[in-house]
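Participant: These protein sequences, in sequence, are chains G and A. Just so you know, we're using our numbering here: the first sequence kicks off at 93 and counts up by one. Just so you know, we're using our numbering here: the second sequence kicks off at 56 and counts up by one.
Some hints here could point you the wrong way.
[What the hints assert, rightly or not] Once the Cα atoms are required to be at most 25 angstroms apart in a straight line, the calculated PhoX-like pairs of lysine-lysine come out as:
(1) A:K99 to G:K143
(2) A:K107 to A:K79
(3) G:K143 to A:K96
(4) A:K99 to G:K162
(5) A:K134 to G:K143
(6) A:K96 to A:K79
Since the hints were made in silico from the structure, they are not lab data.
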Amino acid sequence: GDSVTQTEGQVTVSESKSLIINCTYSTTSIAYPNLFWYVRYPGEGLQLLLKVITAGQKGSSRGFEATYNKETTSFHLQKASVQESDSAVYYCALGATGGLSGKLTFGEGTQVTVIS
Amino acid sequence: ETAVFQTPNYHVTQVGNEVSFNCKQTLGHDTMYWYKQDSKKLLKIMFSYNNKQLIVNETVPRRFSPQSSDKAHLNLRIKSVEPEDSAVYLCASSSRDWGYAEQFFGPGTRLTVL
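Chain G on its own, in the form it takes in the complex:
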C-alpha cells in the first residue's frame, strides 16, 4: 500500500530561523508517485502549498521548497527564514494510484509555531 511519514507532532521555531519538515513515502502502486505539501493556516481550510510530479525536480511556493528525491523516497519541506505568518499545520501527501481516482495519501501533519 501507500504511506507517508513526516516529522511528528509540533515544531516551534524562532522567526527568521530555518525550518525543515521531513517527509518520506512508500508506495507499491506506481514507480513515480506525485508528491504534495498542503497547509492549513489558522481559521482557514486545507490548501495546496506546492506539488512536484517529476523525480529530481524541486517545487517552491511562498519561500518554501521541496525536492522530490526518488533514491531516498523523501520530499522534505524547507524554508530558509520563517515568519510568524508561516505558523500552520503542514501535510505531506502522495498520489500513487493513477487512473481515475486522484486519491491522495496524507502524512500525520506537523504543527509549526513560529515565535518572535
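Add chain A to chain G, keeping to what the hints say.
Facilitator: Positioned in the frame of chain G, the structure of chain A alone reads:
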C-alpha cells in the same frame, strides 16, 4: 464566491442516530472527495466521485453512504453512528477525473458522537 462549502460546521448526536452532511463546490470541478480526519489529525480518503460516478470507495463501514445529485454536490450520510465516527469530515474537489490536479478543500464538518 467560488469555493467548497460544507454544512453543518458542527454536529453533536448520540450513538445510533443518522446524520447527513452536505458539500457543494462552485468551482466547476468534475471530481469530489470525502476525507475523514480523526482525533490524531490523520487524514484518510473515504470516497471520490467523478461526474456523479463512484470512483474510489475505501474500506469504509457500510453505514457510510455518499450521495451525489450532480457533479457540484456530494453529500455524506451515516446511518446509526458509532463513537468512532467522531471526527472532522472534509470535502474536496478537483478539476480532473484522473491524475493529481490540485484538490480544494472545504472547512470541514466536526461530528461528535456521544
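Participant: Decide, hint by hint, whether the structure agrees.
Facilitator: Comparing the hints with the structure gives:
1. With a C-alpha separation of about 19 angstroms, the suggested pairing of A:K99 with G:K143 holds against the 25 angstroms cut-off.
2. For the suggested pair A:K107 and A:K79, the alpha carbons sit about 13 angstroms apart, so the restraint of at most 25 angstroms is met.
3. As the CA atoms of G:K143 and A:K96 are separated by approximately 21 angstroms, the hinted pair is consistent with the 25 angstroms bound.
4. Restraint check for A:K99 and G:K162: satisfied, since their Cα atoms lie roughly 24 angstroms apart, inside the 25 angstroms limit.
5. About 37 angstroms separates the Cα atoms of A:K134 and G:K143, which puts this hinted pair outside 25 angstroms; it is violated.
6. Restraint check: the Cα-Cα separation between A:K96 and A:K79 comes to about 23 angstroms, which is no more than 25 angstroms; the hinted pair holds.
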